[in-house]
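Trainee: Chains L and C supply the protein sequences, listed in that same order. With the working numbering, letter number 127 in the first sequence gets 127, and the count goes up by one each step, no holes. Numbering-wise, the working numbering comes out as the position in the second sequence, counting from 1, plus 230.
To be clear, the hints were calculated from the coordinates, so they are not data collected in a lab. Please note that a few of the clues may not be correct.
[As the list claims (entries may be wrong)] So the derived list for chain C, only partly shown, Cβ under 7 Å to chain L, looks like this:
(1) T246
(2) I444
(3) I446
(4) L449
All C-beta atoms, glycine included, are put in the ideal place defined by N, C-alpha and C.
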Amino acid sequence: MILIEMFDVWKTYPNGTHALKGINIRIEKGEFVYVVGPSGAGKSTFIKLMYREEKPTKGQIFLGGFNVSRIKERQIPLVRRSIGVVFQDFKLLPTLTVYENVAFAMEVIEANPKLIKPRVMDVLGLVKLKHKAKMLPSELSGGEQQRVALARALVNNPGIIIADEPTGNLDPDTSWEIMHLFEEINQRGTTVVMATHNREIVNTMRKRVVAIEAGQIARDEQRGEYGYED
Amino acid sequence: MPVTNREGNTAMKIRTLRRHVREGVKNLWRNGWMSFASISAVTITLLILGVFLILAMNINYFAQSVEKQVEIRVFLDVLATQDHVKQVEENIKAIPEVSSVEFIPKDEGLRQFKESLGEKAYLFEGLEEDNPLPDAFVVKTKDPKQTAAVAAKIKNFQYVESLNYGEGTVEKLFAWTSALRNVGIVFIAGLGFTAMFLIANTIKLTIVARRREIEIMKLVGATNWFIRWPFFVEGLLMGIIGALIPIILLTSGYYYLLDAIKSSFEASQLFTLLPLFPLMYQVSGALLAIGAFIGIWGSLVSVRRFLRV
Numbered sequence: 001m002i003l004i005e006m007f008d009v010w011k012t013y014p015n016g017t018h019a020l021k022g023i024n025i026r027i028e029k030g031e032f033v034y035v036v037g038p039s040g041a042g043k044s045t046f047i048k049l050m051y052r053e054e055k056p057t058k059g060q061i062f063l064g065g066f067n068v069s070r071i072k073e074r075q076i077p078l079v080r081r082s083i084g085v086v087f088q089d090f091k092l093l094p095t096l097t098v099y100e101n102v103a104f105a106m107e108v109i110e111a112n113p114k115l116i117k118p119r120v121m122d123v124l125g126l127v128k129l130k131h132k133a134k135m136l137p138s139e140l141s142g143g144e145q146q147r148v149a150l151a152r153a154l155v156n157n158p159g160i161i162i163a164d165e166p167t168g169n170l171d172p173d174t175s176w177e178i179m180h181l182f183e184e185i186n187q188r189g190t191t192v193v194m195a196t197h198n199r200e201i202v203n204t205m206r207k208r209v210v211a212i213e214a215g216q217i218a219r220d221e222q223r224g225e226y227g228y229e230d
Numbered sequence: 231m232p233v234t235n236r237e238g239n240t241a242m243k244i245r246t247l248r249r250h251v252r253e254g255v256k257n258l259w260r261n262g263w264m265s266f267a268s269i270s271a272v273t274i275t276l277l278i279l280g281v282f283l284i285l286a287m288n289i290n291y292f293a294q295s296v297e298k299q300v301e302i303r304v305f306l307d308v309l310a311t312q313d314h315v316k317q318v319e320e321n322i323k324a325i326p327e328v329s330s331v332e333f334i335p336k337d338e339g340l341r342q343f344k345e346s347l348g349e350k351a352y353l354f355e356g357l358e359e360d361n362p363l364p365d366a367f368v369v370k371t372k373d374p375k376q377t378a379a380v381a382a383k384i385k386n387f388q389y390v391e392s393l394n395y396g397e398g399t400v401e402k403l404f405a406w407t408s409a410l411r412n413v414g415i416v417f418i419a420g421l422g423f424t425a426m427f428l429i430a431n432t433i434k435l436t437i438v439a440r441r442r443e444i445e446i447m448k449l450v451g452a453t454n455w456f457i458r459w460p461f462f463v464e465g466l467l468m469g470i471i472g473a474l475i476p477i478i479l480l481t482s483g484y485y486y487l488l489d490a491i492k493s494s495f496e497a498s499q500l501f502t503l504l505p506l507f508p509l510m511y512q513v514s515g516a517l518l519a520i521g522a523f524i525g526i527w528g529s530l531v532s533v534r535r536f537l538r539v
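Please construct the entire structure, taking both the sequences and the accompanying hints into account.
Mentor: In structure tokens:
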């Protein structure tokens, strides 16, 4: 089953930068995809198009039954509920505890309050942070913070996890911890699309690799290599 | 397991409404100083606005009561017979702008004249036998502004010897009252706009401080209205609290002012102010409505920019 599909997608920013020039891609349900490439080649734009932070200038994007390139403004929340997003800088709310940060994602989509506590504890168990539920993000290490962010991305049971450089701020050991979590989530059936600069991880934990260079897909290999010297 | 509410449920649940109110109040506390600044801006503006409103309404009241007192005194020819008097009265009544005509026979005129002299009235004792005063009419017009035109018409009637309506003074008074009214309206409109921009700006600051929260809400799929509501509540609260303070101050201030005037200008007819109620109901209603409007408008204008994530 195809989960994400792009047809001839172009993105030109108002300042005239051509970020993407004719992207065609298909991602099946349950896949694990690395998006690699030099900085400024269009990786971030590619990721942002999927969760509709950016709109394509031209072309069609389908994601889990939605035509993301055509949907109305007020349907965007519905698309976002089927996607979990994880960032390099975690984007946690500093005044909320670990538990509250994760529960927040359920509260704001008006989930049944009876389901919130068990579900939040469930995902906190998955990322092994149940015992730190009452702590503030500032009391956690970087890797732990990213695990909270991952729990938040997972809490609403999305079919897809989109991650933009999730290990960019972490040391190698912690990075591996996070990657094992991603792999576990993937094995439970969640599709993962991850933009990364981490050569060691891509070359060790072999998955499909999509390389974007100068706004085009330069390479798309199953069990591919990182392929850059940086 | 249906964890999420995937339908675009437009009817807000009570639970959700409670959350928005709770969040709005919490935000108000959390941004303590900025909320305080916002509320102060509303309070000061509405206080000035309220003072002006009370002033304007009293000036209006004063102008109206003065306008109401404007009347034309028509003095008839001393030689006019009763039939002539009747005819003049018919003629005056026939003028469409006239609202009332009161006949004052010369005896009554003399009595009024003596009364106005007070203690010195004895000087004119015995004049009743040979009353030198003419018969007169007191004419009132429907709209006080028509006084001059009506007076000009009556002047041309037969047997009208002379008339008096305070020429010049009346016109000057009308010019003054309408000028005061216009200045008041301009001032109030200007102050209202200043308040709006002040509040919109302050709420914008509080929203900037919560930019990250909004960003995350958007990313996990909160609807725009879900994000807007707490700010809406916050703005509304700021506007209403900002209005309550001047309402209390103005009501008690006006109460003491009325009290002070009552004791120092005892029985003075010239200087009457509007009673405390319904004036303060009207002013409070206006301030509450303006405060609420300013708060809601300010918050929605400010939040709009941040919803385009």
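Trainee: A separate judgement is required for each hint: does it hold in the structure or not?
Mentor: Each hint tested on the structure:
1. T246: 6 Å, holds
2. I444: It is violated, given that the least Cβ distance between C/I444 and chain L is near 10 Å, above 7 Å.
3. I446: Nearest chain L Cβ about 6 Å off; hint holds.
4. L449: 5 Å, holds
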